[in-house]
Structures are given as C-alpha cells and as structure tokens.
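Position chain B against the provided structure of chain A, taking the given hints into account.
So the sequence lines, in the order shown, correspond to chains A and B. If you use this note's numbering, the first sequence corresponds to residues 1 to 301, in order. If you use this note's numbering, the second sequence corresponds to residues 302 to 561, in order.
What you were told as hints is all true, and nothing was included just to trick you.
Below, a sample of chain B positions facing chain A; criterion: calculated Cβ distance under 10 angstroms:
1) 307
2) 314
3) 399
4) 406
5) 408
Pairs of lysine-lysine residues, derived as DSBU-like cross-links and limited to a Cα-Cα distance of at most 30 angstroms, are as follows:
6) A:240 - A:281
7) B:314 - A:137
8) B:314 - A:126
9) A:151 - B:553
10) A:106 - B:314
11) B:314 - A:149
12) A:151 - A:18
13) A:67 - B:558
14) A:127 - B:398
15) A:8 - A:67
16) B:314 - A:128
17) A:149 - B:558
18) B:321 - A:126
Quick partial rundown of chain B residues pointing at chain A, CB under 10 angstroms, derived from the structure:
19) 319
20) 402
21) 556
Keep in mind the hints are simulated off the structure, nothing from the lab. Cβ atoms here follow ideal geometry from the backbone N, Cα and C, with glycine treated the same way.
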Amino acid sequence: MSILLEVKNLTKSYSQEKAADNISFALEEHTSTALIGPNGAGKTTTLSMLAGLVSPSNGTIAFHNNKTSDIREIIGFLPQYPKFFPWLSALEFTEMAARLSGVEAKKATLEARKTLEFVGLGDAMKKKTSAFSGGMKQRLGLAQAIVHKPKLLLLDEPVSALDPAGRRQVMNLLKELQAETTILYSTHILNDAEEMTDQLLFLRQGALVEHGSLEDVRTRYAKPRILIEFEKLEDIQRFKALTPWELTVTGRTIAIDIVAEKVEMPAVLAILYKEGFLIRKVERQTASLEEIFMEVAVIQS
Amino acid sequence: MTGFMTLLQKEWKEQTRNFKVLWIPLVFIILGILEPVSNYYLPEIMKSVGNMPEGAEFLWPEFTGEEIFMSLLGQYQFIGILVIVLAFMGSISGERKTGTATLLYVRPISYRAYFLSKWIVLNGIVLASVWLGFLAAWYYISILFNSVNALEVFGFIATYSLWIMFVVTAVLAFSASFSTGIAATLSLLLTIGFQIVDSLIGEYWTISPWKLPFYATSVFNGNNDAAGLWWSVCITFIAVLVSIFAGVNMSKRNAAKTTV
Numbered sequence: 001m002s003i004l005l006e007v008k009n010l011t012k013s014y015s016q017e018k019a020a021d022n023i024s025f026a027l028e029e030h031t032s033t034a035l036i037g038p039n040g041a042g043k044t045t046t047l048s049m050l051a052g053l054v055s056p057s058n059g060t061i062a063f064h065n066n067k068t069s070d071i072r073e074i075i076g077f078l079p080q081y082p083k084f085f086p087w088l089s090a091l092e093f094t095e096m097a098a099r100l101s102g103v104e105a106k107k108a109t110l111e112a113r114k115t116l117e118f119v120g121l122g123d124a125m126k127k128k129t130s131a132f133s134g135g136m137k138q139r140l141g142l143a144q145a146i147v148h149k150p151k152l153l154l155l156d157e158p159v160s161a162l163d164p165a166g167r168r169q170v171m172n173l174l175k176e177l178q179a180e181t182t183i184l185y186s187t188h189i190l191n192d193a194e195e196m197t198d199q200l201l202f203l204r205q206g207a208l209v210e211h212g213s214l215e216d217v218r219t220r221y222a223k224p225r226i227l228i229e230f231e232k233l234e235d236i237q238r239f240k241a242l243t244p245w246e247l248t249v250t251g252r253t254i255a256i257d258i259v260a261e262k263v264e265m266p267a268v269l270a271i272l273y274k275e276g277f278l279i280r281k282v283e284r285q286t287a288s289l290e291e292i293f294m295e296v297a298v299i300q301s
Numbered sequence: 302m303t304g305f306m307t308l309l310q311k312e313w314k315e316q317t318r319n320f321k322v323l324w325i326p327l328v329f330i331i332l333g334i335l336e337p338v339s340n341y342y343l344p345e346i347m348k349s350v351g352n353m354p355e356g357a358e359f360l361w362p363e364f365t366g367e368e369i370f371m372s373l374l375g376q377y378q379f380i381g382i383l384v385i386v387l388a389f390m391g392s393i394s395g396e397r398k399t400g401t402a403t404l405l406y407v408r409p410i411s412y413r414a415y416f417l418s419k420w421i422v423l424n425g426i427v428l429a430s431v432w433l434g435f436l437a438a439w440y441y442i443s444i445l446f447n448s449v450n451a452l453e454v455f456g457f458i459a460t461y462s463l464w465i466m467f468v469v470t471a472v473l474a475f476s477a478s479f480s481t482g483i484a485a486t487l488s489l490l491l492t493i494g495f496q497i498v499d500s501l502i503g504e505y506w507t508i509s510p511w512k513l514p515f516y517a518t519s520v521f522n523g524n525n526d527a528a529g530l531w532w533s534v535c536i537t538f539i540a541v542l543v544s545i546f547a548g549v550n551m552s553k554r555n556a557a558k559t560t561v
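Here chain A stands alone, though its shape is the one from the complex:
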C-alpha cells in the first residue's frame, strides 16, 4: 500500500484559539480513516483545510504521486449539512459538479446518472433539490462528492443527521466505495467508526491525541476486566474477604482489573466454584469504543 496523503504539523489558529493544533497523519490508499472527537474538537476545520476551503496557518498537506497543483482536483467533499441550489434538479446539480471538476460534458451526464442511481436517487433525479428530504440531501451530497471519482473522499459527519435506516444505507454505500477510493470521515457516532475503519484519529481541542488501527487502539485502551454479577448482595463482602484483589463494586456487580491484579478467568472461576457462590453472570470484558472515546477524547486532562 502506498501513501496517498501526508499531513504534517497542520495548524489553524483563529486569533487566540487553535482550531487545529499541530496535527500530523498519513492516509494510505484505499483505506478508510475515521476522525473522532467531540463537538468542537476541530474535525470540520481539519477537513476544510484538506478540502482547500480554509488555508492552514501552519503545516503542510502533501498528496503523493500527484502532479496537480490544485488539490481540489482529486478530492470529493461532503459537508455535514450540504446545501444545494434549490432551483437545480438533482441531476443538474450532479452534472454541474462533475463538469466543474473537469469531467467533459457528455461523460458528466452519464456519470451523474450512474452516480445518482448508485446512491438510490434514480427516481428523484429530475426533482428540484428544494423538495428533498434530509436523507435525500445527504445522498445527493454523497453523489456530488463521488461523481468525478476523486482519489480522496472527505466526509464530514456523513451519517449523523440520518435516521437508522438512512444511516444503514449510507454506511453500505461507503463500504462499497472503499474499494475505489480513500475515505477520511469524521464522526462522533462510534458504531459507525467501528464498522468501517482502518485507522482511527482521535481529536481533542484541535490536537491529535491518539491514533492507530482499531485493533491497536483497542489493545492499548482495552482495560480487560472480569465482571461478576452476584445473586445475593451480601456475597460481595464474602467474596472480597476471600480474595486479595482490588474490586470495583457497582450494584450487584464487581469488576476485577485483569492487568493490574495479574489474574485470569480460571482463578476467579475456581474461587466461585469452590465457595459455591450463586452468580447471575461472569464475563470477561474489554473497553468499548465509547469508553475509549470518553477516556481519550473527552476526559483526559
């Protein structure tokens, strides 16, 4: 795999505040990368800089193996709330988008039709965009972003505004696109990131605080633990007395940190079995992406 895009020390300051602070990362071709962070973490600013809308205060954005001087030629961009000219039909708009990105006239019409079919707007392509619902607008936004077959697809919260059905559809479309292009998308919905990502970038207050593959990040923040839910509340005290481990109690459930206590399932089960505890559930668990998100992107001081 070769590197498509390399970002180095990307910074954007607005008077005092830094919307993006010294961000560096690289995107490999045909991978998808999720930009994760709470609202106001700098996701949109970062994407806008890559899209050529906002010029960075500092740092470089380099496309490898690419001769064009205008980076806008090889990207497709979908803003969080795409706004269309209400007096154009979906087909006209997509055609115009293709033409403006340098596709010649006849091919633009053809590609526009094909793309609109692909995103599921085949029946609505002659309709004015002013009559479109939120989900249709999002799909048209996707269509205009991919109609010229960009090398890099930048999507700002592509599914956040959609209902579950719409989200499912768009996620499936994106998965199909993954084969042809490189995708960088921002999200704060972690299920989406979990579903389709090769690389995670965590942003907090404009800075890149963690990155790596989903597996890497998972392992790093896994915090594996054993959870035991007891039938009787008083058993918690009894169990505590029997074991040397530090326990975290929530209701009827206790948690044992596997790494800190150097313990594994068999040892725990042995005690439970030997002492005849009545238990509802025993589980070995690792941190969910949501917990990692909270730890990495929100709480960490």
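Here is chain B on its own, set in the frame of chain A:
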C-alpha cells in the same frame, strides 16, 4: 479559467428560474412606458381627477421628447438603482451565507471564472433591461411627443450603460467582500448617496463616474464638455476594472467564510 462555461450556465439558470430575468426588465420597461405616457396625459388626468376649482386654468409646460428621456433617467437613477442593488446584493454573500457556495469552492474552479460568470450574466440582464426600457420610452415618445434623433438616443444609452455597468460591478464586488447587509448599505451609499453628493458640490470637478448620467443627458441639450465626458468614461472603465479585480480577490479570500 476552469469551469467558466459551466458557471455561466449555472448563473443563467439561476436568474431564469428565480424570474429575475423577467421582472427586472419589466420594472425598467414599465418605468420607460409610464414616463412619456403619464407626462402626456397629465393635464387631462389632473382635469378629471385633480379636484381643481371650477374654471381654473393651468399652463402645462410643453415637454420635448429629450426632456422625457432625461426625467426617465432620473427615475432609473433612483428606482432603477434600488432594484439593481436589492436584487443582486446577495449574489456572492448570500451563497456564502446559505452554504451553497461550499460545494462550488471545493471544486477546482478559479475565482476569476466564478466572479466573472456572475458579472457577465448580471450585466447582461441589467443592461438589457435598461436598453429595453429606453427603447420602450423612445417608442412612446415618438408617438406622443417628437421623434428624437437616433444617434443622440444611442449616444445617451451608451453613456448611461457604462454607468449602469459601474453600479452592477460595485454591487457584485461589495457582495464578494462583505455580508449581504453591509454590501447593500455600501452599494446604496456609493451609487445613490454619492450621486447626491455629486449633485450638491459636484460643480468643483468635471471628472467622475457619478457625472456619467449627467454627460449622458448632455448628448441631448448639446452643452458638450467632450473632455469631461471622455475622462469620466476612462475613470469609470478603470473603476470597473479595479472593482472586478477586487471582487475576484475578495471572493477568494472570503471563500473560507462559507458555511460548511
């Protein structure tokens, strides 16, 4: 100038589908017809509905066709310019505000093509409107008053057209530079406001874009200050070019302000 033809088509579609290509000419044509017609029938209108005392006689001034052209120009200078400013003040700032510009700016367009496509379509509509208005007036003037020399009329229209081009360019450049409200205020100040200033203390100079309407009318009454006219034409041309240059650059600089 990547995407120029596509942007030109987009602008034209926009102006057709929001009916500006229809109602702006209508305003100018209606004004152009009303001026000669109302002036011609004014004595009779006053007689029948004017509530004049019995036996009162008024001596109505005898207007010439040339004078009707001049008073129509007075209408265009106020109502016409107001229409131009209000119709086009948001041409660029509005696209930024609503965010429709975003999907254009992320494509490899040149801002020169972006600005000029608007400039050409807007000027086309407004100039055609002004011409149609004057032609309509000319027709009624030749029926109701005297026929005015064609060469004089064309000279008049040509000179005034440059002034209109100056107005349209200024509105567009302001729209590229500021938000819609500020753009409208500055446009009105620059066109109607300065026009008043020029008419109050303008006798101290002879060269300015705001003098162009005056020079246009001087085609009729013959008191030609040829040097003043030509220098004003030159100054206005330069002002238009500078405004275009500024508008292109401001469109580019303000691209980041578009709603994402």
